[in-house]
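Enquirer: Protein chains in written order, with the numbering used here: chain A, 3 to 358; chain B, 3 to 358.
Simulated from the structure, these hints should not be mistaken for lab results.
Just so we're clear, the structure is a prediction, and the values are computed from it rather than from any experiment.
A portion of the hints provided could be inaccurate.
One copy or any two copies: either way a pair holds, since identical chains are not told apart in the list.
[Said to hold, decoys possible] Derived pair list, reagent style PhoX-like, types lysine-lysine, alpha-carbon separation capped at 25 Å: (1) K158 <-> K230; (2) K34 <-> K316; (3) K158 <-> K234; (4) K320 <-> K79.
Number of protein chains: 2
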Amino acid sequence: MNSIVTNEYSIHLDLDKYLALNQYIDSLSPSKIVVLTDTNTHQYCLDYFVSKLDIKCPIDFKSIQAGEQFKNIETCKELWHYFSEITLDRKALIINLGGGVITDLGGFVASTYLRGLAYLNIPTTLLSMVDASIGGKTGIDLDMLKNQIGLIVNPKMVIIDTHFLNTLPEEEFNSGVAEILKHGLIHSESYWNLVSNSKIVNNNSLKEIIYKSILIKKEIVENDPTEKNLRKKLNFGHTLGHAIESYSHLKKGFQPLLHGEAVAIGLLLACHISHNLLGFPKEKLEKLVQGYNYYFSKISFKKIEINEILNLLKFDKKNLNGQVNFVLLKDIGSYSISDEVSIELIHEAFDFYLEL
Amino acid sequence: MNSIVTNEYSIHLDLDKYLALNQYIDSLSPSKIVVLTDTNTHQYCLDYFVSKLDIKCPIDFKSIQAGEQFKNIETCKELWHYFSEITLDRKALIINLGGGVITDLGGFVASTYLRGLAYLNIPTTLLSMVDASIGGKTGIDLDMLKNQIGLIVNPKMVIIDTHFLNTLPEEEFNSGVAEILKHGLIHSESYWNLVSNSKIVNNNSLKEIIYKSILIKKEIVENDPTEKNLRKKLNFGHTLGHAIESYSHLKKGFQPLLHGEAVAIGLLLACHISHNLLGFPKEKLEKLVQGYNYYFSKISFKKIEINEILNLLKFDKKNLNGQVNFVLLKDIGSYSISDEVSIELIHEAFDFYLEL
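Take the sequences, apply the hints, and build the full model.
Expert: See the structure below:
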């Protein structure tokens with residue numbers, strides 16, 4: 003497997019990835035490196051990662067609390083103050099070692115300190131390997147609204163090492179599968195067949211799947227870095243997915259969902275709406291249901307909870323002029339943006355999900 | 003006077019500037035406009051500005067507390083929450099109506115909301131007309147460290163209306179003169195002669211001076227938008243100027259200085275160091291002293307205060323590898339970056355200033 007070169011940076015999955023990393027750092031010659039981890043990756047990933055480094059510049063380590071609830075401005079302040087205490091200068095390099103929270107928040111904090119430090123992503127979860135660490139979206143949550151504050155700034159390099167996946171609990175692994183299924187749905191019949199017919203597990207074929215998913219995301223992002231058009235299709239399943247995810251963290255007593263767990267529900271709902279509104283094929287919806295049942299457990303929603311979730315839709319970042327904009331699919335790989343999704347259609351989709 | 007067109011946006015000083023503004027807004031067709039003011043510009047500038055608008059889209063007004071001490075992350079949070087409450091979408095437009103605090107902070111808040119809203123600058127102070135509103139530097143302070151957090155993102159348009167200068171207290175006006183004197187020093191003998199020989203006051207020749215100062219800044223910024231080299235010369239006088247400004251706000255009992263008041267001292271110190279280290283001509287230093295005495299009152303510094311100010315230099319954004327980097331001048335228009343400014347030379351420069 004080769005490395006993937008984008009307009010601005012390279013993604014390394016090959017055997018020589020750490021050689022590439024060490025060479026890059028050597029050529030950059032940063033005044034200092036800060037490796038940012040959360041309490042999980044500090045414990046399970048940091049020693050291994052440091053053992054791969056062969057560099058001369060000074061290095062510091064900073065760990066933040068693990069969890070989406072810490073992806074906020076308070077954590078940014080903590081990090082900016084820390085950068086200030088250790089007097090980081092503009093030639094410093096930030097290395098984000100972790101899942102989506104670390105790469106999103108670390109990228110934002112780096113890109114806003116002294117008007118922009120260079121940063122690298124070393125994703126340690128399947129989700130961040132195929133999604134969060136690619137494409138330059140950085141950001142934090144504003145209260146319970148996901149990624150409301152952020153920027154698009156690319157990392158200087160991404161290193162994909164599937165070794166880190168061994169450290170992952172099963173539900174975290176499956177959370178990443180949701181984005182891979184999404185790539186199948188939005189990209190092509192062939193990739194959909196590959197990912198919907200094989201059980202995605204931590205083995206050799208996984209590397210191939212990660213590689214292809216990154217290529218798919220990379221090509222979309224490169225053609226539309228600032229999400230004017232094409233990139234919106236990466237949001238398939240995310241309009242309701244984000245609202246469900248936010249709600250699950252917001253609502254006392256509701257089971258907090260991982261990003262992929264919420265997105266998987268969002269994919270089902272969006273495929274059902276696509277079926278009703280645009281004739282998305284029934285058998286492909288059923289195939290997705292099978293996949294869902296394999297990787298995820300069903301969540302129950304009360305009527306009032308669904309209404310509260312719909313209330314959160316008004317904060318979706320794709321909205322324009324007060325309209326909720328849905329990404330829908332006519333078929334695998336064929337998307338359409340619609341503002342004509344009625345509340346009734348969404349309720350019908352939830353009914354379908356609850357009856358699975 | 004014509005408008006000034008940069009690579010990315012235009013700066014309008016001409017008689018038709020509000021026509022250009024209204025046409026731009028009409029073509030953008032934003033989902034909503036938010037005009038951001040502080041308590042001063044809300045009182046003295048907003049009605050006049052609104053009277054110039056001829057637009058159809060919805061408009062909201064938001065005012066924040068006036069003063070550098072509110073240029074912080076707490077004010078950003080207040081604005082992000084406000085944007086969220088009024089459910090701004092990505093097609094919203096932010097108009098910053100105010101001095102440097104409003105254009106810096108408003109640009110930062112806009113550029114980080116939903117990964118980037120469009121914004122315009124309508125500078126109302128001399129300082130923000132010739133400096134802050136041009137060049138895309140946005141940012142906020144981290145505690146007392148100036149502009150530690152920020153981004154480089156250009157406004158979509160800048161409107162320069164010297165009418166607003168009538169609302170300005172004299173010391174605020176003079177604060178802007180410091181940056182104009184700096185432009186003279188870093189640019190050319192002819193501009194230096196123009197600005198050092200004329201008393202800069204609110205009259206017709208002022209428009210010419212503002213126009214030229216903007217052109218000077220614009221040319222430097224366009225050649226080096228991310229401050230790799232050339233743009234550093236805009237920091238002439240700012241290494242010590244920023245430290246003095248921060249200190250004046252930080253230190254209980256010390257008189258808080260306006261940005262330009264601190265920069266003016268920084269210019270004198272930097273010219274004195276330049277004279278000692280690089281032979282900057284004595285007679286030009288003396289000319290600057292004359293200018294300083296005309297616009298500014300002398301500030302007294304105790305030895306211990308100077309030492310505390312020097313302590314703040316380690317946070318200067320130009321520092322690299324633990325070295326404080328000074329911008330110095332060999333002569334008018336001829337700059338050099340040096341890390342060889344000793345503590346003794348800085349103390350000598352303060353002694354010179356204190357003996358004026």
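Enquirer: Now look at each hint and say whether the structure bears it out.
Expert: Right, here's what the structure says about each hint:
In this assembly of identical chains, the alpha carbons of K158 and K230 lie at most 25 Å apart whether taken from the same copy (23 Å) or from different copies (17 Å). Proximity of K34 and K316 under a CA criterion of 25 Å is satisfied inter-copy only: 15 Å between copies versus 42 Å inside one chain copy. Proximity of K158 to K234 under the C-alpha cut-off of 25 Å is found in both arrangements, the shortest distances being 24 Å within a copy and 24 Å between copies. Taking the shortest alpha-carbon separations for K320 and K79, only the inter-copy value of 21 Å comes in at or below 25 Å, while the best intra-copy value is 28 Å.
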